[in-house]
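Chains as they are written, first to last, in this note's numbering: chain A, 2 to 776; chain B, 4 to 412.
Bear in mind the hints are in silico, worked out from the structure with no lab data behind them. Mixed in with the good hints, there may be bad ones.
[As the list claims (entries may be wrong)] Not close to chain B: a few residues of chain A, all C-beta gaps over 12 Å, as computed: (1) His-63; (2) Tyr-122; (3) Gly-196; (4) Asn-282; (5) Gln-450; (6) Gly-476; (7) Gly-522; (8) Lys-532; (9) Val-540; (10) Glu-542.
[To be verified] With a Cα cut of at most 27 Å, we get these calculated DSSO-like pairs of lysine-lysine: (11) A/Lys-371 <-> A/Lys-93; (12) A/Lys-344 <-> A/Lys-273; (13) A/Lys-69 <-> B/Lys-283; (14) A/Lys-371 <-> A/Lys-469; (15) A/Lys-248 <-> B/Lys-283; (16) B/Lys-102 <-> A/Lys-37; (17) B/Lys-283 <-> A/Lys-152; (18) B/Lys-216 <-> A/Lys-37.
Don't be surprised by glycine CBs; every beta carbon is placed ideally from N, CA and C.
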Amino acid sequence: MARFDRRNDNTEDSGESRSRRAFKPQAPLRRVRNTKLLVALVVLLVALLGLVVRLVYIIQVHGAEYQKMVLINQAYDTTVIPFRRGDIVDSKGSILASSERVYNMVVDPSVILTYEDHRYYEPTMRELGNCFPELDMQAIRNYISANPNSKYYIPENGRRLTYSQIAAFKAVQSENDFVRGIYFEEEYRRVYPNGSLASSILGFTTGSNSVGGMYGLEGFYEDVLVGTDGREYGYQNEESSLERTVKDAIDGYTLHTTIDAYVQAVVEKYLKEFNDTYKNNHHTGNGAENLGCVIMDIDSGEILAMAQYPDYDPSDYKNTDPLLGTRLIEAVQNERGYTEYKKTDTYITQEVLDGLDSSQLNVNFASLWKNFCVSNTYEPGSVAKPFTVAAALEDGSITGNEVFTCNGFLEVGDHKIKCHNYIAGGDGAVSVQDSVAWSCNVALMKIGQAMGREEFCKFQQIFNFGLKTNIDLAGEARTASLVYDSKTMLPTDLATNTFGQNFDVTMIQMITGFCSLINGGYYYEPHLVNKITNSSGAVIENIEPRLIKQTVSESTSERIREYCRAVVMPEGGDRRTGKTARPAGYAIGGKTGTAQTLPRGNGEYVVSFMGYAPADDPQIAIYVVVDRPNVKEQDDAKYATRIVRNILTEVLPYLNIYMTEPLSDAELAELAEKQLDNTLQFGGSDHKVAEEEDTPQETITDGDIIDPTGEKSRIYPIWMTYPIDPATGYRVSPDGQFFDAYTGELIGGDNSSLDDTVPGNDNLIEGQTDETGVR
Amino acid sequence: MAETRTYNQRRRSGQNPPPEEKRRVRRRYALWEQLDLSLILNLLIIMGFGLLMVYSASSYSALRMFNDQSHFFMRQLLWDIVGLGLGLVVVFIPYVIYKKFALVIYLISLASIFLVIPFGSESHGASRWVVIPGTKMQFQPSEIVKIAIILFVAFMINRLGEAVNTFQGMAYVFVPTIPAMAFIFGLTSHLSSALIVLGITIMMLFISSRDYKFFLGVLILLGLIAAGVCAYVASSDLTGGNYRFGRIVAWLYPELSTDEAAHQILNSLYAIGNGGFWGKGLGQSVQKISALPEPHNDFIFAIICEELGAFGAIVLVLLYVLLLFQMYRIARRTRDRFGFLLVVGVMAHIAIQVVLHIAVNTNSMPNTGVSLPFVSYGGSSAVLLIVEMGLVLSVQRQNVISESDYETK
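The shape of chain A in the complex, shown without the other chains:
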């Protein structure tokens, strides 16, 4: 190359000089043209330099802003990979709430109209119409012709399609190259396979893609259940090697609850049965304003079941049917300008519903959706008596050997406070045990006076009355303002408080405190979730029972167990109040409650029974509240005890608790009728005993009570419905889990049931619902 250069120089020089000689007129023009060529080149270089400067200027000054715009545009172009909201399963691994994959149809007119001859248009429209008859094809055509450059359109009826609905079209799409511009976005839909089962515990989700949990566990554990959306940048084509970054979704965590779906189903069955029995009995409306039941593990605070009536279906939470029969609630503007919600005397019927506007409807829905057991407050009534006695024993105000005299009333201040058998002239001599067993108000008031208000209020605090238990459910009520402290308490308040009137509690406060009275004084924080796992089954958090404090000593607890046993068992004598709560074959303890509501004397009562079972080795506590039963005379705790009896009759054998009491013929017949004969294997003695004089049927005094027998649907544990796999001898659930054929113990990991990535798995869940019949 060096030679070229040198030669160039040579020729250029010599060329100039020679050309000047040979072509004289042209010579200046050549020099001019070279100069001007250089000028032009310089101008062009300056222009290019200017553009480079401009380029750098754009990046320097607007770079960040433009980068942001790209990200915004990018977000528009990318596909969101939705996370899957975590499941909620019961203690046996049965699914209570799950998420099912659904598909939204997206029409991309810009792709359909790619070519000028619109070669994709007609084939795509035809196949869409064939595969989705519910689509309004004319509307889609109109949209495409009006918005040819649009990239995203979800047609009406194109949302939340199941995989089986889109499968046919997907097959067509993969065969026919001319069907283009239709794709499906994934989303998840929350499903509650057991219908209304445990609805008050679960709550529901309101948002699309199953976010926005409200009430219950869905509301309380919202941040645990939701995951993080993933994103796929750019391409829809999965075969593309150019596929851009895919950021996977992080699925929500699964909640393993302490709830036992079988126990829960039994509880709900009997609450509903009660309602069916007393519905429209005394007046129109439900069998009671509210029915609530909590079953709790006495030594850990774990909730086994928590139910209420009326309940609702969380998949269809806006359905107004459950509102029928409830008291209409109205929002009233009070004189200070605040909105108050007041129960009216109207019971909701279909005509009433039709007349409600949406805000009035929402007020009533809010009352339906909230969890009665943790959110509603009421005066507990006599179920508070064991607490008063325990407090007095604990601080030494009584020894337990006292005998009180009951004349049917006690004068406190200017008030004459009556006992329950005021008309009969009182109970006469009442021991401490009798005061609980017979529910004597006078004896309790005297115990309270012996304690004094300071001590009494101290123990109200120790039992946590008025304060939240911190159960892991949304919407727990705090009733501190409805409980007295020693400064505000008057002698009459002390007197009425001793038997559970004049202060408000929640069900969960009562049963949590009661568990501590029974289990030796250990106050556990009540909880529903004992394990949190991620979507692949790895444990994120184990929630151990949390011991908060010791309320009473073991010796006091032993006394209370004794007294509560006397409420139900024969040692309490004929006047004992809770005998109708005893299930066949078991000894249990407990306390009845019949609380007056405000205003006093309106004849409306909250009746309840709080018990533990079995009596000699307490394992579970149960608390049933019947809020204003739909009967003429409401002040009868049997409305609650009979529910307790029915529930425990089925639940105790299921929990593998051995029967300790002899069975009478009537009881054997009852068990046979309930298909519970096999429970004899759990230890019930099969020798006949003499009929007790107080069989449940005889103790029913009210003439207007219909015996709640008749055809009952048989309820088995979910695992019992699964077929036995001949190869392994285990029962196999539809989602592939193995259960011990006789105990229902879940075998091996349960992760497979949580993985819902296989489209169509939803069918299995639905099938499970049908088979179990648990609703």
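Using the hints provided, position chain B relative to the given structure of chain A.
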């Protein structure tokens, strides 16, 4: 010793060989000596870079439209190869013969524009392509006009000689250009091609005439007109206005305009901003996915900026500067006026397109579709630009040959 050494060895050592030996050896120039290898190398680098960027920029839309991500790349590769073949032929054709055919070629090119009427393929509201009947192939007649104008204007100026410095002579030069512009703009609505044709003519005329003042005056006049239009547009109601003014509005206020042109410009700027100084990396452009229409064509520079950053863009600009300088060197060396004008015309053509393309992509001027020479996707443009480079190399070859002829006399 002296007898055994070759001519070249003796020349290098400064010895003057005997006259008879000189004559014998100098006629034999190896092929690589006749061609400007550095220019060819530079051209191939730019073309290779172009192919790479066409693949990167077009793969997504190719996949979406044709289910084949290398669709555009393969076609561009094919046309580049066809162009190189044709260019190689042109290199070995003595360019002097174009003096004879310049008028014919010019007329044929004008006629080809009229083919869009029966055989046009419409795109973006204008017929710019002619479909060759019976085939799927199509070409852009305006690209043919550009090379024809270079040939014919060179022929005219060469013919005019010193007369080119007169006003009448200058007017003559525009005689072929004006109808070419009119037909291109009138029939294909391709404003940018018409402007490029005008630019090529003006630049060839400027370099071959003695005058500065006239061109400076024209430049100032054009600047004043442009400023006047802009001022008018800026002061007038932005909602009205026709298509061209709409583009000026889009240029001045891209954020405000709802025009498609403004949308393109904004996304081009976003791409540049997104790339920053070092770029997102090859193949990592986001804007090519759907924000920029035809990212492999009129907005490929923005994609280059996004993927390779200002750094990559400046490297590419430097390659173009080198290419211009290489052509400048050939032009200076060319004694023959017609050959000189051909090189100047090609240089003008490439330079104007590079400047306009980058200017549009950086919103330095109103949006008009200009492709980036040797890089943008487009068969007609690629083939004819390579043929133009063949012309330049042909001139260079003649230079080498004629210099040797001259010296042997």
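Could you tell me which of the numbered hints above are not met by this structure, giving the numbers in increasing order? Of the numbered hints, just 1 does not hold.
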